[in-house]
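Chains as they are written, first to last, in the numbering used here: chain X, 50 to 382; chain F, 8 to 549.
Possibly wrong hints are sitting among the right ones.
Claimed, not checked - Which chain X residues face chain F? A few, computed with CB under 8 Å, are given here:
hint: 1; residue: 180
hint: 2; residue: 184
hint: 3; residue: 215
hint: 4; residue: 248
hint: 5; residue: 255
hint: 6; residue: 377
Claimed, not checked - Stretch-level coverage of chain F by chain X, calculated; a stretch enters the list once three of its residues show a Cβ under 8 Å from a Cβ in chain X:
hint: 7; stretch: 122-135
hint: 8; stretch: 416-425
hint: 9; stretch: 524-536
To be clear, the hints were calculated from the coordinates, so they are not data collected in a lab.
Each residue gets a CB set at the ideal place from its N, CA and C atoms; glycine is no exception.
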Amino acid sequence: MSAKRSIVAASLALTAFTGLAQAKELVVYSSRQEHLIQPAFELYTKNTGVDIKFITDREGPLMARLRAEGANTPADIFMTVDAGNLWQAEQQELFQPMESKVIEENIPAQYRAESGQWTGLSLRARTIAYSTERVDPKELSTYEALADDSWKGRMCLRTSKKVYNQSLVATMLESIGAEKTSDVIKGWVANLAAPVFSDDTALLKAIDAGQCDVGIVNTYYFGRLSKEEPGVKVALFWPNQDDRGVHVNISGAGVTKHADQPEEAVKLIEWLTTEEAQRVFVDINMEFPANDSIEPSKEVAAWGDFKADTINVEVAGRRQPEAIMLMDRLGWN
Amino acid sequence: MPHRSIPRMPRWRLIAYVSAALVMMPLLVLLLSWQSIDTSIWGHLLQTQMVRLISNTLVLVLGVGVGVIVLGVSLAWLTSLCEFPGRRFFDWALMLPFAIPAYVLAFVSVGLFDFSGPFQSLLRDWFGNDFRLFFSIRSTSGVVLVLTLVFYPYVYMLARGAFLAQGKGLMEASRVLGHTPWQGFWRVAIPMARPAIGAGAALAIMETLADFGAVSVFNYDTFTTAIYKTWYGFFSLQSATQLASLLLLFVFMALFLERRAQGSRRFPGVDRPRQGALYHLKGYRGWLATGFCLTVLALAFFIPVAQLIYWLVHSGIHDLDSRYWGIIRNTLMLGAMAAAITVTFATLIALARRLQPIRRVRSAVAMANLGYALPGSVLAVGIMFAFSFLDNTVVIPLSAALGVENPSPLLLGSVFALLLAYLIRFMAVAHGPIDTSLARIRPSLPEAAQSLGQTGWGVFWRVYLPLLLPGALSAALLVFVDVLKEMPATLLMRPFGWDTLAVRIYGLTTEGDWQRASLPALTLVLAGLLPVIVLIRRTGRR
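For reference, chain X alone in the conformation it holds in the complex (with noise of 0.2 Å):
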């Protein structure tokens, strides 16, 4: 008994303190992981003196967390990759608008909510990778013409459990209709060389092998192959360059609801899309920027121009759901 008093005399002196030491710091729950967003916060801090505390996780776990703590949350902002997470993170009553000129100036409005309760941070294309031993690049149109039987046995598909395969899938719904969208990952799996895998790294590794000569990953992953293995034969294709384009995701950030410091998070986030936290927080991870009045980084630039699909990555979202049970219908594991 008198155990549990002093724990809760403890507990209450230790509310006291962390309730006067609360000036000036920012807490931020993170999906995108921590030597990803370190450096950028490093710097903030250097800039302004705010400091930023936060804890990574999946983003499901973080979003429960938020939830369960409600208005007593000590969260300020929420980061997460992918839209489909911040579509749901804004259904799930987790975020504020926020209304910033900086943001809306800094970022296209497809990469951002409707009701500014989000913006993307940093942008990453899912495109085609393929073997430069096998694959012509002139066989290669559309993410659409892979489900051709010309690419039987030819073709490997990372897990449709990654939401980047979701999302893809959802603006394929939106984009072509369900009745297509069906017909494509038919063609997609009937063309697998090998059962689908755990990460897009393991996939590259797979077509430099030998093991299939087709594949649809995220260019950052090529890039951190390619660096860490310079002659690596695979190179990456932009499909749809005639039709709406190579499908575009982001990563992103929003206030949280029960922020303790609105005013203070939203300056985070607007600093986030400037010119100075982008060449960081985008480089860092061979991503492309958010902001489109800056250059993409000279090892990035070097993948070629490309036609981003413009549709709102909102709807990576609304149609996750839908984008799953037809992945999970047609045996796209």
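Guided by the hints, dock chain F onto chain X, whose structure is given.
Showing chain F alone in chain X's frame:
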């Protein structure tokens, strides 16, 4: 057998009920999810997924169950009863794979043996580009093999303890009665070791059911991966927790089988454990045994560690900054604190079951061991909801009433909450060894102590506790290593600044950056090695 001579102590009952309540708290939160059902998700799951998920899960559980029993028992038999070249080394070295997290072995194995890995690339260099291996690591047999290699130490350790405790005379008596060694093994040693083997296999099976990291590397869909897919993909935490509560059915099945395997008989151990070898394996048979042990050890330990070291050297040391020592310290401290708390509770409930073997206490103890089979994140979510409920309804109003400005949640995000999560999750791990050593205490012993005038607590302090210490130490070491490896609950519940090695590994590996994770992974293995060695050398045959 109830010990009627021991005065009834209601305290024991209370302890059992409280422990059961603790574990049941997050489980009840899961059951509350059944208040409403999302018919579109369930319709989809039932129509397209359920049959495959259940059959996949059953195949995995059966495969790993049979695998760990065959491997664990045969290795334990060799090192505890036979003599062959290298036996003294293998005796403890065969426990080393316990220090390797399942997700690490899974990734290393797939990386090495898949099509694009160095092994098959080498074969293609030798035999031409069209060479294809008959065996694919990314298959059902691959995932069964890897999980067997990771989880067999549970069976090995407990079976070895049982074989050693059977004493010198037993197998000799069986030999005198005309049994061949083989007959003695099947008719005497195995039946007597059944409770230990069953306990080890149950732990392995529960780990298998809860595993998410390793099966994801293989993209092998189980009930657990479906839980996460429903949660992260459909964003339906409710349907996910409903699935998780169904997973408990599998657990009940495993526990039921364990009880059946244990049978009704109990075999108290002998006072003097075996000292010398019983069978000297000579010539090729000895070397065969050596080869067998070496193969297992190489696949489960040396090869993965060599790969981690290679990555470390090849890709350089990343992230080795001053914070790294803090991370190691956090990991070790959490492990030690969790081990102490969990073993205390496990000892108390094991004693409660022994001293008050009424039905309700036995069920309470069984319930207190359920946490182990739940996927860590799901369990953590249950605990989180329970805690934030307490925070929002008790702690914060209370601190506001006491005049605290900006009251904030205390339980959620506290070390206390994290330790409680570990307690709930690893109770079963500690329960195994403690219960086994308790079973070896002959009922006559406490009875004798009582006839000499010792009362309830006296019997506890002077008889049970000293005899339970070895089992409690084993339990503490097991929990310690398991906490080091634990990832999902730590991720969700750690306080700010309490990153552990497993958290660091998670951060680097979610995006497939395994080479960079080699440093924390190796550190984790090293940190787990010492307890593992202590665990096994303490009980070795001289």
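Of the numbered hints stated earlier in the document, which are not met by this structure?
Numbers 1, 2 and 9, in rising order.
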